[in-house]
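Protein chains: 2
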Amino acid sequence: MKTCFPAVGALLLAPLLLAAAPPAPSPNEVVAQAPAADWITIPATDLLVMDLPPLANKPRRVVIQLIPLPFSMPWVANVRRLARAAWYDGTAIVRVQDNYVTQWGDPDGEDPIKAKRLPPLLSTSNARYTASPKIGMIFTTSFDPTDGQEFRDIGLQVFYATRLKGLLKSAKPTKDPYAPSAHNVIGWPLASDGKRIWPVHCYGMVGVGRGMPPDAGSGAELYTVIGHAPRHLDRNIALVGRVVQGIEHLSSLPRGTGPLGFYETPAERTPITRIRLASDLPATEQPRLQYLSTESASFDAYAAARANRRDRFFIHPAGGADICNIPVPIRTKP
Amino acid sequence: MKTCFPAVGALLLAPLLLAAAPPAPSPNEVVAQAPAADWITIPATDLLVMDLPPLANKPRRVVIQLIPLPFSMPWVANVRRLARAAWYDGTAIVRVQDNYVTQWGDPDGEDPIKAKRLPPLLSTSNARYTASPKIGMIFTTSFDPTDGQEFRDIGLQVFYATRLKGLLKSAKPTKDPYAPSAHNVIGWPLASDGKRIWPVHCYGMVGVGRGMPPDAGSGAELYTVIGHAPRHLDRNIALVGRVVQGIEHLSSLPRGTGPLGFYETPAERTPITRIRLASDLPATEQPRLQYLSTESASFDAYAAARANRRDRFFIHPAGGADICNIPVPIRTKP
Numbered sequence: 001m002k003t004c005f006p007a008v009g010a011l012l013l014a015p016l017l018l019a020a021a022p023p024a025p026s027p028n029e030v031v032a033q034a035p036a037a038d039w040i041t042i043p044a045t046d047l048l049v050m051d052l053p054p055l056a057n058k059p060r061r062v063v064i065q066l067i068p069l070p071f072s073m074p075w076v077a078n079v080r081r082l083a084r085a086a087w088y089d090g091t092a093i094v095r096v097q098d099n100y101v102t103q104w105g106d107p108d109g110e111d112p113i114k115a116k117r118l119p120p121l122l123s124t125s126n127a128r129y130t131a132s133p134k135i136g137m138i139f140t141t142s143f144d145p146t147d148g149q150e151f152r153d154i155g156l157q158v159f160y161a162t163r164l165k166g167l168l169k170s171a172k173p174t175k176d177p178y179a180p181s182a183h184n185v186i187g188w189p190l191a192s193d194g195k196r197i198w199p200v201h202c203y204g205m206v207g208v209g210r211g212m213p214p215d216a217g218s219g220a221e222l223y224t225v226i227g228h229a230p231r232h233l234d235r236n237i238a239l240v241g242r243v244v245q246g247i248e249h250l251s252s253l254p255r256g257t258g259p260l261g262f263y264e265t266p267a268e269r270t271p272i273t274r275i276r277l278a279s280d281l282p283a284t285e286q287p288r289l290q291y292l293s294t295e296s297a298s299f300d301a302y303a304a305a306r307a308n309r310r311d312r313f314f315i316h317p318a319g320g321a322d323i324c325n326i327p328v329p330i331r332t333k334p
Numbered sequence: 001m002k003t004c005f006p007a008v009g010a011l012l013l014a015p016l017l018l019a020a021a022p023p024a025p026s027p028n029e030v031v032a033q034a035p036a037a038d039w040i041t042i043p044a045t046d047l048l049v050m051d052l053p054p055l056a057n058k059p060r061r062v063v064i065q066l067i068p069l070p071f072s073m074p075w076v077a078n079v080r081r082l083a084r085a086a087w088y089d090g091t092a093i094v095r096v097q098d099n100y101v102t103q104w105g106d107p108d109g110e111d112p113i114k115a116k117r118l119p120p121l122l123s124t125s126n127a128r129y130t131a132s133p134k135i136g137m138i139f140t141t142s143f144d145p146t147d148g149q150e151f152r153d154i155g156l157q158v159f160y161a162t163r164l165k166g167l168l169k170s171a172k173p174t175k176d177p178y179a180p181s182a183h184n185v186i187g188w189p190l191a192s193d194g195k196r197i198w199p200v201h202c203y204g205m206v207g208v209g210r211g212m213p214p215d216a217g218s219g220a221e222l223y224t225v226i227g228h229a230p231r232h233l234d235r236n237i238a239l240v241g242r243v244v245q246g247i248e249h250l251s252s253l254p255r256g257t258g259p260l261g262f263y264e265t266p267a268e269r270t271p272i273t274r275i276r277l278a279s280d281l282p283a284t285e286q287p288r289l290q291y292l293s294t295e296s297a298s299f300d301a302y303a304a305a306r307a308n309r310r311d312r313f314f315i316h317p318a319g320g321a322d323i324c325n326i327p328v329p330i331r332t333k334p
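Taken in order, these protein sequences are the chains called H and A. Quick note on numbering: my numbering labels position 326 of the first sequence as 326, and the sequence is numbered without any gaps. Quick note on numbering: my numbering labels position 87 of the second sequence as 87, and the sequence is numbered without any gaps.
These are calculated hints, taken from the structure and not from any lab test. Some hints could be false.
[What the hints assert, rightly or not] Below, simulated DSS-like cross-link-like pairs (lysine-lysine); rule was C-alpha separation at most 27 Å, straight line:
| # | chain 1 | residue 1 | chain 2 | residue 2 |
| --- | --- | --- | --- | --- |
| 1 | H | Lys-175 | A | Lys-58 |
| 2 | A | Lys-175 | H | Lys-165 |
| 3 | A | Lys-165 | H | Lys-175 |
| 4 | H | Lys-175 | A | Lys-172 |
| 5 | A | Lys-58 | H | Lys-58 |
| 6 | H | Lys-172 | A | Lys-58 |
| 7 | A | Lys-333 | H | Lys-172 |
| 8 | A | Lys-333 | A | Lys-58 |
| 9 | H | Lys-333 | H | Lys-116 |
| 10 | A | Lys-175 | A | Lys-165 |
| 11 | H | Lys-175 | H | Lys-165 |
[Stated by the list, open to error] Partner residues are not named here, just some residues of chain H that face chain A (Cβ under 8 Å, in silico):
| # | residue |
| --- | --- |
| 12 | Ile-40 |
| 13 | Arg-81 |
| 14 | Tyr-203 |
In this text the structure is predicted, and so the values were computed from the model without any measurement. No residue lacks a Cβ here, since even glycine has one placed at the ideal position from N, Cα and C.
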């Protein structure tokens, strides 16, 4: 055995010796090397599963991770309630605007007679754009909760807020054009001005369609970003999550030709078969997904590799990257 | 007549009086109000017209504006030459990677036997990633020109470089994560470190596919950005233009399921009917497009409106915008 060892070692070393200065690993290679402990499993209770009709005999499934406490609480609670009530089933994708958003909901939502009735106990009018000084967050609201434990547990809210503030304080300042700082924290792209913290509109983030203020939307109409990050929407629209699987089923749809990319005829719309919380599906049907902990050394190495590409293809490392160009890696649980 | 006038005036004023503090115009409204003098017509010699087969009986035309001197000169010359030789006709879209690029070229380009022969006088191997101190530009090259007036006219190169440097000197510094400054100048999104100036990878920009360095690509394989700006490619790949019309025909294609989004079977590819310089088409077929002068007061107002949305929908103006979120407005010549 002993005599074998050096020989095997030499064989393994050979490729390294041939390439005098081996190129740095690519971001994907860094992610592939991350230890199992750096991956966090997304609870099935935080996953929304959206099924569209098969296309060319292939299933079309989109999986959305809901944003955790303390962000956008009334809207996330609404989305859970709408999914549980099977309310989204039979609604449709009504708008695809190139380099902007794909949006879905009730095509007759604006029609007072034809509009699909919303389930009870939904926050539709009271959700307001107010900051809670106690929590220090934009998108906590003045909505008086009548359902959903997440509204009531102020202690948990304060815990999250304190944790976020600590994480952001220790993070380096960034050259973000939209906010004093922007970092991937607790698995999400967040910006901060030192007093408030908010999630940002990167590719694939899911937000709540709304009318003119003070309307804040209910969550019955949702959209996802399918182009360059429209960061001007940050703090203007509630973000409730992000697409973690199957974004291509939303981003590759034909663009609408009406104003703002709305489809002009019902035939152009893609019907939504159903949207469910993964935890309400049979165990065998639940997606098992993980994200790379943003508080891990692997994530730091990944972010550094994204900002300074030194793998073989690259000549000039950029020396920086905007937050939306450092998407949090997602994988199927091995 | 005289008595009529105040009445009409009062009617027109009524909506304004009702809204005590009228909201600021949106970026689109600013652009719509720009005077004719602020629009610059794109010469037909700078437009590439790409025709794809009709889909659902609708024509699919993509128009690309080639980047002007002094950027990426050998590659732009190659692209002109390839279009003039009808070389692209019958090639195909071979790769669509979500949130990244759509790429086209010869599907057999890597096969030494089956590869389509390139026209003569093409710069395929000499184009190198060298900066010319005289011009102060990345992506001027050491290529020894044998054709194309744009290579020879050093006086014009110096004129452009001087003009760009002057414009960038007068421009304010920006919070760009990738470069000391980034501005829309001479109609294009450019970044600079004070010594060098280079075009950047915003949505819709068109670049030159290449292999590993020192290969610099020829222009026979091109891609366009269909997702969040992959700015890490800046200065690593030559940019030759941008899609100014019909990007939706490239961004809404089915994503490839092979590595890097390449299609796995020939049947998935979209064939390219033809690519021509607009100036080589009959006058009636030439697109007539204009861009809003980036040196106009209208553009300044538009950029300010993009960075500080104060139209009715918005609650929190961002106070900034990244360069790729201030796309240069394009319109059909009225």
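Handout entry: Hint numbers contradicted by this structure
Key = Hints 1, 6, 7, 9, 12 and 13 are the ones this structure does not satisfy, whereas the remaining hints hold.
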